[in-house]
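Throw the hints in and build the complete structure from the sequences for me.
Protein chains in written order, with the working numbering: chain A, 386 to 955; chain B, 68 to 946.
Heads up, some of the hints might be wrong.
Said to hold, decoys possible - Below, a list of computed lysine-lysine pairs in the DSSO-like style, where the Cα atoms sit at most 30 Å apart:
| hint | chain 1 | residue 1 | chain 2 | residue 2 |
| --- | --- | --- | --- | --- |
| 1 | A | Lys869 | B | Lys582 |
| 2 | B | Lys570 | B | Lys921 |
| 3 | B | Lys512 | B | Lys208 |
| 4 | B | Lys512 | B | Lys130 |
| 5 | A | Lys783 | A | Lys743 |
| 6 | A | Lys869 | B | Lys130 |
As the list claims (entries may be wrong) - Just a few of them, taken from the derived set where beta-carbon distance is under 7 Å, the chain A residues facing chain B:
| hint | residue |
| --- | --- |
| 7 | Leu552 |
| 8 | Arg555 |
| 9 | Leu781 |
| 10 | Ile863 |
| 11 | Val865 |
| 12 | Gly867 |
| 13 | Thr871 |
| 14 | His876 |
| 15 | Leu879 |
For the record, the hints were derived by calculation from the structure and aren't laboratory data.
Computed from a prediction, not measured in an experiment: that's the story for all the values here.
All C-beta atoms in this analysis are idealised placements derived from N, C-alpha and C, irrespective of residue type, glycine included.
As a plain string of letters, each chain reads:
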Amino acid sequence: MLAASCCDRRMCVCPGPRRIAIPVRSSRLPLLSDAMPAPAHLFPLIRNCEISRIGSTACYCHHRHLCCLPSHFAHSHFRYAPQKKFAALYRPKENFNHFIHTRDHASASQRFYLTPPQVNSILKANEYSFKVPEFDGKNVSSVLGFDSNQLPANAPIEDRRSAATCLQTRGMLLGVFDGHAGCACAQAVSERLFYYIAVSLLPHETLLEIENAVESGRALLPILQWHKHPNDYFSKEASKLYFNSLRTYWQELIDLNSGETTDVREALINAFKRLDNDISLEAQVGDPNSFLNYLVLRVAFSGATACVAHVDGVDLHIANTGDSRAMLGVQEEDGSWSAVNLSYDHNAQNEHEVERVKTEHPKSEEKTLVKQDRLLGLLMPFRAFGDVKFKWSIELQKRVIESGPDQLNDNEYTKFIPPNYHTPPYLTAEPEVIYHKLRPQDKFLVLATDGLWETMHRQDVARIVGEYLTGVHHQQPIAVGGYKVTLGQMHGLLTERRARISSVFEDQNAATHLIRHAVGNNEFGTVDHERLSKMLSLPEELARMYRDDITIIVVQFNSHVIGACQNEEL
Amino acid sequence: MFLRVLSDIQWRAANPKWRRMTSSRRSTSTTAEPHPVSLPAQAQVVICGGGITGTSVAYHLSKMGWKDIVLLEQGRLAAGTTRFCAGIVSTARPVSIELKMAHYSNKLYQQLEQETGVPTGYTKTGSLSLAQTQDRLISLKRIASSLSVMGIPCEIITPKQAVQLHPLINIHDLVGAMYVPEDALVTSANVSLALATAASRNGVQIHERTSVSHVTVQKGRVTGVETDRGRIQCQYFVNCAGQWAYELGHSGEVPVHIPLHACEHFYLLTHPLAEPLSSSLPTVVDPDGRIYIRNWQGGILSGGFEKNPKPLFTEGRNQLEIQNLQEDWDHFGPLLSALLRRMPGLEALQILQLVNCPESFTPDMRCIMGESPTARGYFVLAGMNSAGISYGGGAGKYLAEWMVNGYPSDNVWPLDLKRFGTLQSSRTFLRHRVMEVMPLMCDLKVPRWDFQTGRQLRTSPLYDRLDAQGARWMEKHGFERVKYFVPPGKDLLDLDHSKTFYKPDWFDIVGAEVKCCKEAVCVIDMSSFTKFEISSTGDEALENLQYLFSNDLDVPVGHVVHTGMLNEKGGYENDCSIARLSKRSFFMISPTDQQVHCWAWLKNRLPDDSNLTLEDVTWKYTALNLIGPRAVDVLSELSYAPMTAEHFPSLFCKEMSVGYANGIRVMSITHTGEPGFVLYIPIEYALHVYNEVMNMGQKYGIRNAGYYALRSLRIEKFFAFWGQDLDAFTTPMECGREFQVKLEKGMDFVGQEALLEQKQNGVYKRFTMFILEDHDTDMDLWPWWGEPIFRNGRYVGKTTSSAYSYTLERHVCLGFVHNFDEKTGEELVVTTDFINQGEYEIDIAGQRFQAKAKLYPFSSLFTQRRRKDEVELSGYQTE
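Written as structure tokens, this is what we have:
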């Protein structure tokens, strides 16, 4: 049986309804009715799948990606029907708004609301802000600082975020990581990826210096200065293991010394690939420590997308693997805001991506490669860290699972082999790198997991963040002109506009502000407290149906520095 | 813009004559036309600005017989703020001189149409000021009291009566209102044009589209004006440039600092109501809602003074863009809410326009008039704080009198340009201050409020020390002064926000400070006082001072003399203490706000003699006032010198050492009538001396005290303060200070003739002290100043200051008693008997309290032996 430790939970809870759809043996099904009252972590896998199934059959799930479920899942969802609490929520989306707005439809048990302070405390629980310190009253960095925040939908959250300043080279690294099938992989990537990138960027001499320091047991040069929220943890147990892998990497880099200056694009690509490779290797090799052994397996069998920004002066590199997104907020000359995409989603909606996958596999597989907008009919992102189920050969998978710990053996998901699995690997962690040279009108960068992008259009994101950061709510001024307006009408209009503006001032953090909009926006594009309260008070098991984990980093640029850099070049 | 077109039409219809005279043709085209009439090469007076103030000055000057006047306007007449102004003439003003100006303006405008033939749109509608709170009602009652004694009809009415006067008002949240039936509405641009018409008939030349680039000044006198159309030589220049006045003042080589700053001001115009509003409906002012509402062409015009004003033109550029300012509905929102709350019936009324009309505001909410302290002949009238129409007529009259007669017919010190110095001219200061001033237009004006912005500009070196000991601060002329010290453990927040017309919560704190002054010794930092040094190589200093000051300054070295600096009419231009430091040098101490005025007065009258030097040493000395019977002990211990009355009599000055610091100027005066000393300490020694005094004083029970204690002490002893009780219209004879005048000092002095005449004929007003008899300190409204005094039921004057006397346990008010003839209202001589044989009452916000009048202070309050000349006068004392 599953151990009830929190690590197990993290591992097991979550195929999640959207990123991966997992078949579940029907023999488990009779347990369902009994399972619900039982502690949630006992049958989390089944429960999640079940709910997602209901979500997709009994109602339209408002997310873009639906779970596609094999047809043999024909068991009854009516078992849930008597539970009024849920029944009310299982309305289609169109009615959902309606339901939230008109209380008479809600059953008595739904009629509690979070007060604004409660809402704020939920929204602000994970917020973090970093301001680049000024020296001599001058901030010479092109980054003013960043705001980040995340709002869980999964319990526990599967998103991760990282931010760090490179100490041995210039620049700042920021990233969001969206885990699936558990958060283990996202956690590992969030801890390790920046070290890989930083090491890839280091000049030969510095690498040597570091290696010598390690060799002689001297103090190591610090490579990264992390900017972490207290909730952003690093696993102590694995640090030795991770460090050794990293050290092997830089030793190879030292040996390979090409003498050429480090190209950021290449460094990013190498780091991504190397880390994924290390994750895979560590799982194959295993670890004598049973806890670590289990950990590396969980990391490898779960997956994570990554969207990482490297900012150094006017040079902005975005390395993206998967379907998180980077977006640049640009202020036009007239003060309005527009959005520039700095990443492409790696999923079925991206034709180039579909094309790429198809060219990498024999023509015979063309029809099975992408089904229901998923890789092999299962996985939504087309690139990811971990997910060895889509990378290893069947033999390797079986061997590792059999030699692995019992917990792994008992896990339905890990044992399951994707259908039509003929020519692995089907999945890569290689990022797509986009370079952008910052201009003074580029005011901010938003990195966010798909939880944000599926609820908000990037244009709205640009506007909301832009207005928040400039402190100006760029509403068109009202002019009466020749229209017939009465005092009463004008009064009503002004009152409404004031309410809209006041929502800006509740947040001290741009990311929080964005989340507030993402979750609470009504059809008019303004934050509706009632809706916000409803969305945030959804029970853990249901939250995932209405929203995904959201993780946002908003990086604010220093236009003066950027402008000055430009002038220097001219 | 609508309004503009409207008045243009009326202008053309009404003024064909004037047009011919000036040949300045108007046309609707916007291109500049050639000027057929060239500018004169010289004139006696050049007025810059063709708004309400400029035309009013021209009108009054020409009426008073000055003919050689040129008025220049950069655009067209009445094209600035005047054109946009809401046109409300309201006399309900808290400051007495402003009230008089508004009253005069009202009377002037009323007959202006008849006089000039220009329709001014004058309609007597009356005004309703509403009170949503009891405190507001009290402040209205105070205004009502001063209006009634001036003979201006006015009544405090109930909400129900208010709704009868104006049926649209929602009265559910009102506690009362004030009705002033004679307040009026005018078309402001037309009033200005009417004044211009009358002035031009009297010979004033008016030139439009002529802008003044700068004013030339030579040897401290105005010599001419440079314009874009050439130069005009002139003796007098009048800056009536409204919000452009600041920049114009700074354009010349000798800058004239006119501290004002523009703020956007919005008002709303609507279409007519379904049943158009009657043009006789009173104007409604709802200060708690921050709005005013007047009828306008069957609809309404409503504006207000928001809490978050938008200052503009801080950089001073683009001021010509006044016509193109944007409407800002979001900004107007709160005022619109207040309007609909006051008149809910207007919801369906259609909007015509939101007008953005910038107004200029000054650092203390009062307008600016008078002569520049740096350039003689340079006069200013500007900064009307959005009441240009109400004040314009009266202010123009006063300024014209000032120019023609040398001084206006009333005390305009509260409006005098010289109350400001260069320090108020910082753009940052002005920008921040006007953001506080504009909301104050509607805020409740309670006694003893202080500005919060533009603070901590001038401070004593002891500021931090005192602040750490609980000092609460007020500001005078930019200088931070201590009000009182909050003892440790008291709730500070509460104290800072006490806004009340009743007993304030610092009552006991100040009481303790007063007690300490009486029984032990207190230290008050009085560094803000203005300090001048006058010295000469020969006897010039003495000779000139003897001429300029009324008391005899030819005293032995080391003596201190209290003396007035009088004008020709014997009135106090300044009241100061002068110490004779040596045969040829004098040290002069004046009130804080005299820094600019007194300097200019002396500079203008002292001969241009290189042997004579006048120096402002205010910043060089920190002044510590040691008040109390034990001050003697503290000082003698610190200086090892005997300080008793035998060795150091009253009104004496000596340089001595205090602690380690040498050269401290010690004077045996306290400005309160209590025994004690003022120490003038070179600033680098200030902290040392303060620490020594505090350490040594411990065993004598020394403590810090503030100005509130000082005020209570001086008022209970009938000490008049210049600026508060004394002004340019008060002579020493009228305030029982004959002893400070030496009529026979062997030489003439300024004001001597007037004083001799008064001595012979008697005085027409008399400074009197009133002890409130049936006033309950805890329950009743406190007197402030400006309360009417009634003698045998008839109005005889107003109070000028008041304080609670902790010794007498009574309120003491100081004020002037006149003797108005019962029938004619003519002023008669006030005799001692007249004062003594009356039953007095003081009117505080409509409630009258019995008061006992006294011409001399209680001798029991003085513990100190005074010098012979003072003792002579104590013979009158009855108690």
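Results for each hint:
{"no.": "1", "hint": "A/Lys869 - B/Lys582", "result": "violated (68 Å)"}
{"no.": "2", "hint": "B/Lys570 - B/Lys921", "result": "holds (24 Å)"}
{"no.": "3", "hint": "B/Lys512 - B/Lys208", "result": "holds (12 Å)"}
{"no.": "4", "hint": "B/Lys512 - B/Lys130", "result": "violated (37 Å)"}
{"no.": "5", "hint": "A/Lys783 - A/Lys743", "result": "holds (26 Å)"}
{"no.": "6", "hint": "A/Lys869 - B/Lys130", "result": "violated (48 Å)"}
{"no.": "7", "hint": "Leu552", "result": "violated (41 Å)"}
{"no.": "8", "hint": "Arg555", "result": "violated (38 Å)"}
{"no.": "9", "hint": "Leu781", "result": "violated (65 Å)"}
{"no.": "10", "hint": "Ile863", "result": "holds (4 Å)"}
{"no.": "11", "hint": "Val865", "result": "holds (5 Å)"}
{"no.": "12", "hint": "Gly867", "result": "violated (10 Å)"}
{"no.": "13", "hint": "Thr871", "result": "holds (5 Å)"}
{"no.": "14", "hint": "His876", "result": "holds (5 Å)"}
{"no.": "15", "hint": "Leu879", "result": "holds (4 Å)"}
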